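Peer 1: For the record, the sequence lines run as chains A, B and C. Under the numbering used here, the first sequence has 132 at position 116, and the numbering climbs by one with no breaks. Under the numbering used here, the second sequence has 177 at position 175, and the numbering climbs by one with no breaks. Under the numbering used here, the third sequence has 30 at position 17, and the numbering climbs by one with no breaks.
Please keep in mind that the hints were generated in silico from the structure rather than gathered at the bench. For clarity, every value in this text was computed on a predicted model and none was experimentally measured.
Derived lysine-lysine pairs resembling BS3-like cross-links, with alpha carbons at most 27 Å apart: (1) B:K93 <-> A:K25; (2) B:K320 <-> B:K279; (3) B:K310 <-> B:K320; (4) A:K30 <-> B:K127; (5) B:K127 <-> A:K25; (6) B:K192 <-> B:K310; (7) B:K38 <-> B:K320; (8) B:K274 <-> B:K320.
Examples of chain A residues toward chain B, derived with CB under 8 Å: (9) G107; (10) I114; (11) E128; (12) G280.
All residues carry an ideal CB built from backbone N, CA and C; glycine is no exception.
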Amino acid sequence: MLRIFLLLKWKSLKAELQYPVNFISGLLGTSLIGVTDVMLLLIPVTAFQTIGGWDFWELGFMFSLWKMSHGLHEALFVPFRGRHDEYLRQGDYDSFLIRPVHPIVQILARCEFGSNALAEWLPSISMFFITASHVKVPWDAWNIAFLLILLVSGAVIEWAVYLFISSTGFWFIRTNNLRGIAGVFLFRVANYPLHIYGRVFPFIMTFIFPFAFMAYYPTHYFFQLHTVLFSNWLPYLPPLAAAVSLAVAWGLWSLGVQHYQSSGT
Amino acid sequence: MIEVSRLIKYFRVTQPGQGFGGKLKALFAPEYRTIKAVDDISYTIQDGEIVGYLGPNGAGKSTTIKLLTGVLVPTSGAVLVHGVVPYRDRKANAYRIGVVYGQRSQLWWDLPLVDSFEILGAMYKVPAQRYRQNLDFLVDLLQMESFLNQSVRRLSLGQRMKGDIVAALLHEPPILYLDEPTIGLDIVAKNRILQFLQQLNREKGTTILLTTHNLSDVERICPRIMIIDQGKVVLDDSRSEILNHFGRMKQLVVEFENEVEPVDLPAGRVVKEEDNKLFIEFDREQISAFDLILSLKEHKGIADISIKEENIETIVTKIYEKGA
Amino acid sequence: MSAISPVPGFQSDFNVAWSLIRASLKEKLVYRFDLIIGLLRTFILIIVFRYLWLALYGGREMFAGVSVTQAITYATISMVIGPLYPNSLILDVGGRIRTGNILFDITRPLYYGNLLLFQMSGQFLATLVTSTLPMFVLALFFVELSLPASPLIWLAFGVSLLLGFMVAFLVDYLTSLAGFWLTETWGIFFAKWSISDVLSGKYLPLWIFPPLLRQFALLLPFRGMSYSPLAIFIGQVTPDQIPLELGLQVFWIVALALLGNILYRAAVKKLAVQGG
Numbered sequence: 017m018l019r020i021f022l023l024l025k026w027k028s029l030k031a032e033l034q035y036p037v038n039f040i041s042g043l044l045g046t047s048l049i050g051v052t053d054v055m056l057l058l059i060p061v062t063a064f065q066t067i068g069g070w071d072f073w074e075l076g077f078m079f080s081l082w083k084m085s086h087g088l089h090e091a092l093f094v095p096f097r098g099r100h101d102e103y104l105r106q107g108d109y110d111s112f113l114i115r116p117v118h119p120i121v122q123i124l125a126r127c128e129f130g131s132n133a134l135a136e137w138l139p140s141i142s143m144f145f146i147t148a149s150h151v152k153v154p155w156d157a158w159n160i161a162f163l164l165i166l167l168v169s170g171a172v173i174e175w176a177v178y179l180f181i182s183s184t185g186f187w188f189i190r191t192n193n194l195r196g197i198a199g200v201f202l203f204r205v206a207n208y209p210l211h212i213y214g215r216v217f218p219f220i221m222t223f224i225f226p227f228a229f230m231a232y233y234p235t236h237y238f239f240q241l242h243t244v245l246f247s248n249w250l251p252y253l254p255p256l257a258a259a260v261s262l263a264v265a266w267g268l269w270s271l272g273v274q275h276y277q278s279s280g281t
Numbered sequence: 003m004i005e006v007s008r009l010i011k012y013f014r015v016t017q018p019g020q021g022f023g024g025k026l027k028a029l030f031a032p033e034y035r036t037i038k039a040v041d042d043i044s045y046t047i048q049d050g051e052i053v054g055y056l057g058p059n060g061a062g063k064s065t066t067i068k069l070l071t072g073v074l075v076p077t078s079g080a081v082l083v084h085g086v087v088p089y090r091d092r093k094a095n096a097y098r099i100g101v102v103y104g105q106r107s108q109l110w111w112d113l114p115l116v117d118s119f120e121i122l123g124a125m126y127k128v129p130a131q132r133y134r135q136n137l138d139f140l141v142d143l144l145q146m147e148s149f150l151n152q153s154v155r156r157l158s159l160g161q162r163m164k165g166d167i168v169a170a171l172l173h174e175p176p177i178l179y180l181d182e183p184t185i186g187l188d189i190v191a192k193n194r195i196l197q198f199l200q201q202l203n204r205e206k207g208t209t210i211l212l213t214t215h216n217l218s219d220v221e222r223i224c225p226r227i228m229i230i231d232q233g234k235v236v237l238d239d240s241r242s243e244i245l246n247h248f249g250r251m252k253q254l255v256v257e258f259e260n261e262v263e264p265v266d267l268p269a270g271r272v273v274k275e276e277d278n279k280l281f282i283e284f285d286r287e288q289i290s291a292f293d294l295i296l297s298l299k300e301h302k303g304i305a306d307i308s309i310k311e312e313n314i315e316t317i318v319t320k321i322y323e324k325g326a
Numbered sequence: 014m015s016a017i018s019p020v021p022g023f024q025s026d027f028n029v030a031w032s033l034i035r036a037s038l039k040e041k042l043v044y045r046f047d048l049i050i051g052l053l054r055t056f057i058l059i060i061v062f063r064y065l066w067l068a069l070y071g072g073r074e075m076f077a078g079v080s081v082t083q084a085i086t087y088a089t090i091s092m093v094i095g096p097l098y099p100n101s102l103i104l105d106v107g108g109r110i111r112t113g114n115i116l117f118d119i120t121r122p123l124y125y126g127n128l129l130l131f132q133m134s135g136q137f138l139a140t141l142v143t144s145t146l147p148m149f150v151l152a153l154f155f156v157e158l159s160l161p162a163s164p165l166i167w168l169a170f171g172v173s174l175l176l177g178f179m180v181a182f183l184v185d186y187l188t189s190l191a192g193f194w195l196t197e198t199w200g201i202f203f204a205k206w207s208i209s210d211v212l213s214g215k216y217l218p219l220w221i222f223p224p225l226l227r228q229f230a231l232l233l234p235f236r237g238m239s240y241s242p243l244a245i246f247i248g249q250v251t252p253d254q255i256p257l258e259l260g261l262q263v264f265w266i267v268a269l270a271l272l273g274n275i276l277y278r279a280a281v282k283k284l285a286v287q288g289g
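Generate coordinates for the entire structure from the input sequences, incorporating the hints supplied.
Peer 2: Here it is, written out as structure tokens:
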């Protein structure tokens, strides 16, 4: 399995490098999106010093967490966000279902190299190194391990949300709108601390699109802050949130495949 | 051995409403209509057979392939492929079959062709040496050296089709399904592929099931032909029998420069006149197309002559007529 | 927003424009569900920025001479008018170049830029009716807005909005021409999208930018897209300054149109030399 992924990534990287100009322009262009998100954070903070009581360090750290998780997601799970609709529409599932490998794994195996992922890492890792020195916990082995688990959990949460949305495609064909809405929550709402948003958004970001577990709650741990919302346990629960979201999404997907097999497309 | 017994696949489809009131009603109280895609078919295909599955569009050919490969679950009835129920034991079935879809590719679009093969080889767990052997064998037989390293996006339809065939055979499945593989291909490419399938069957004993709506495809290589229409098998017989009864009559289309002019025919008769074209039907046993065309060569006002294939719809109609 | 293939055999520019506009409207109405979700998406964005401003001001009444209600109004109206502007021409044009369909577009007797303009205008009108107006009404109910008192300001806003559309279109058009030189257009698309989103003041008004960045942004055409109409609307651009602001927009329209013409000629020449 791993061999197939590595093989694919390597092959598609080679294919992309055939066109260096395009590769570089793609890389630069995609990095600029990350820079925009940084600007959307830096500009208000420079003008107003704090947002919702959080200062530059806390905000910057939170930003770097979700961006890095997002980068990991782009590197591993992106076909469920972008191309699942196509697979359904064009009947690629007919090919998936006749091979000896699980369809979800096969779809992941279509995740080509993606200079996108690389581009997302540039602004996020820089921001991380800038703010990491200001956290209130030491960077010992445990905390580094926790950080890595967080990044993986975050990527899985994002994947689970898109898997869920893609699975509705088994019934509804076009899912790009739901994806658009999820995107707004992920990219805009998550950019600022959740507690400025009243009651509805925090609920959505915790229990429906659990993006708050990607960075907002974990930041409380690293800066030793008290959680204002819901419970003080939440900063430690990202892996649980990831597992639950994935289970729910996978369940819907399984139902979807059954539906596909009885009704065709 | 592929065993199909009393296989049925019905689809329930909602009826869209007509007009505003109808559409509103359709939203809350939808009406359904049942499409009988596969309507109680039974047959057995022995190992090593090449079977042609012929039928007009919408007859249920693709649906049957999907049922045989386990992509679709039957409404009722049974399918057994080498003793395996395809939609239940998908993994076991997967190693035994290869599928080529004429209208869709399973290759990775942006990568060189050979990379797709490597990835699939890994997916099917083909040991390195066998992979090399199989690849060399297939590439040689299909003459694919020249474009093996091209990205799939840039291949012509014929080249891509060859790629899909190799992709389906890398793991040496005993059974190969092809769903309309010759669609859109030119005569040369078509022949190459049909010839290849014959060689494959001869050398490796692969069971081949080929669907198409073109009689001339299957009459070349399929000793056994099944004709289906509206989900039912209307005829299941050997090639020679079928050709004897239906493939005999062919049509010549004579296109005149200006207007249709009367012609003297040594055999055959005029069945239709349309614009500046004349449609002549003749019996292959009585006269060959070549001779018929030759007889017209003295005629001055002719712009073009072409041979029209008997199409499956008319064959099916004739089958019903004979039965009735 | 997608570029539609134009109807062949037209008589005059007006007929073209009208038929393209009708086509855009129909297209929008077919995807009704899309429309509603689009509205929902804009609404969520409005709420996000409303909360952001409340948090930023944190009880303060004024900042940089602007009240919290004005800031919220700026952000809200920005989200309301956002969908009106073309953004992805480069993807459409790039696609048409790759398939070769671009040949139809550039060999017609209509200047390609005008053709795109008509198509985008059609989408503008369709979006205005199906998205902008409903969104504005919705915003009135849910968000505290400070609307201009004088009808002249409304008029100025309307004019500035139309000019802003032209600027946005030209910026998008110029970007799309890059498709004639590059085969992978996604990088440029993302770059232009990000840069214009920040520097046009779409999400954050220019007056809270750090001084250097603000000066830089004010010099670029992007301000003509969002900042101009929005600042007029909330009064940050005072009535006596309005003519200047509108004049700036017009200046950029002329300059970008000229640039567009030059680049287009170069692009077609390149195509003629290189083939497909």
